[in-house]
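> Going line by line, the protein sequences match chains U and Y. Residues in the first sequence are numbered consecutively from 1, following this note's numbering. Residues in the second sequence are numbered consecutively from 344, following this note's numbering.
Hints were generated in silico from the structure; no laboratory data involved. Model, not experiment: these values are computed from the prediction. One should not assume that every hint holds.
To be verified - Once the Cα atoms are required to be at most 30 Å apart in a straight line, the calculated DSBU-like pairs of lysine-lysine come out as:
no., chain 1, residue 1, chain 2, residue 2
1, U, 246, Y, 554
2, U, 216, Y, 358
3, U, 225, U, 157
4, U, 165, U, 15
5, U, 12, Y, 358
6, Y, 492, Y, 440
7, U, 225, U, 246
8, Y, 358, U, 14
9, U, 15, Y, 440
10, Y, 440, Y, 358
11, U, 329, U, 263
12, U, 311, U, 225
13, U, 318, U, 157
14, Y, 445, Y, 415
15, Y, 554, Y, 492
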Amino acid sequence: MSVSYTSILWNKNKKQYDIAIVILIAVFMATFTLLNVTLHPEITFETNLIRSFGWLAILLLHVILIIGPLARLNPKFNIVLYNRRHLGVTMSLIGLVHGAFSIMQFHGLGNMNAFRSLFLSNMRYDSLMYFPFQTLGFFGLIILVLMAASSHDFWLKNLGCKTWKALHMLVYVAYALLVMHIVLGGLQNETSPVIFGIVLLGFLMIAGLHIVAGLKEVSTDRPVKESDEFFIPVCTVDEISDNRAKIFTVGDERVAIYKYDGKLSAINNVCRHQGGPLGEGKVIDGCVTCPWHGYQYLPGNGQSPPPFTEKVETYYLKLEGNQVLINPKPNEPGTAVDPVEYE
Amino acid sequence: MNDDFYVGWSSEAPKGYNRKAMLFFAVALLSLVVIAIVYVRSEKGFVDSLYEFGTLQEVSGELVEHPAWGIKTSQFGEEKTVLLVGFGKAGAGETLKSIVNKNNLMFGQQVTLRGQVFHFQDKYGMELTAMEESFVSAENRDVTARNIKDLGRLTLEGEIVDPKCFFGVMDPATKAVHRSCAVRCISGGIPPVLAIRENGVFVDYYILNSKIEDLSKEILPMVGVPVTLSGRVTQYDDWKALEVSPADIQLVAQSNEEPGLTAGIAMCGR
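Pulled out of the complex, with its shape left as it was, chain U reads as follows (with noise of 0.2 Å):
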């Protein structure tokens, strides 16, 4: 956290992550580019310059799109999920050298602006095996190119949590976008069913592990039987662990009920941030801090501690010998509640 905004807060395992990002995309580069040159010498500099960084750019958004699922299936991958907008931010700008250069390579130093010709030398919008397959790639490019933009948190804060985060979570539809403009394009040249199967292989993959980190949600979802009673019981002290937290679904939204130096509070599970999921997160000198990016907030007020001004609404609880029991009204946001104390 941050209360000025920096362009890159630093730290060790950052300049790690990004060492890292680097080696990926330069073993990539050398692998692809002297392994074309060897059993291909025929190809242009430009055929390889478009193709390299075309398939770097969807293997990197491969990465990038596994990395939540397997953050909700494992805790301990948060660690590559934190730095997660220095590999988009790199991957838009590998796909945006591909793009651009193949907008020069086959639209520019023509009797229409490339621009236009992208949308009007083939009009074959009707035709599955002719699409004019590029236009596909520059929406998709369009999106991820808006998202390593506005990825600071410069603009989640002036867009707002619910703007910023519907934005990046069109990440899908680019993907989507993508993978149509390498069937339709590409792969209409290269026919050899293995890069079929790596494109397929790929989707499934990344379509595989959000199911599966989908189930593990729903499974470990605790939907709070609705009643006419003012609290209603939602599980025992001993089922929370200490400095941690059990989700529960209350009306339409999940709140977190954490337990911290023998006294229960609840918050709502969203963190004002990127949306992260507070109740997975840990109670660290006294403030719930959430596993995504480590933004923190005084459990009995759900403020964030000053000068952060971060606020998630509250609920009342109380105890009933063992039973804890939820006020399913939630309370303004950083409403203090005096938290339950347990024996």
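Starting from the known structure of chain U, arrange chain Y on it as the hints suggest.
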């Protein structure tokens, strides 16, 4: 430090988390390398075309207008007609008309032009990169007779390509990937060429001609897809030209093999 929880902004991470990060990047690196190897090994390869990018070469020979602007020369082995194209995705027409007018040239006259040469198999072309500055010199010599023969009416199956990209600048310069580029080149005045394949190998080429004012505009929807064309074929030295009207161009039903690979020359009578 927490040994079971990673705080993103903290400079230290628990050992278990660091191991997961290393595992993640190691698997990602291995996957990228394997995919690069598998992909490149699965590429079907590239034709041996060449575009001498950045090298301006002088070509001397007889200036011809039919079946397309060119220089008939023996500079590259056997006598052949080097197709002339303009800078970028443009035909050579405007540039050559200007050169011809400015220097009082005539067709059949010996000229020397400078540009970037491209070639594939025995077909050569040259981009007049410097446009009007591409003209080097001209001299008066006896005009040699051209070998022009009527080969009769043929029906051919192939793909309409732009010769500049096809014979050198880009590889591959056919089918879906190249379609938009070919459309730009042909609409820019580069003469369309019908490329014929047999068993996946290019074997024959026909420059498309027409009596209609703007053939390129009419045939643009047919560029880069398998087509069947009928028309009268004329041999101009080492090039063949097919006289077509758009009505004689039909799309070929998609074969089960590969788009554009259906080849074969069906002679419908001479």
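> Sort out which numbered hints this structure fails and list those numbers smallest first.
Going through the list in order, the structure violates hints 1, 3, 9, 10, 13 and respects the others.
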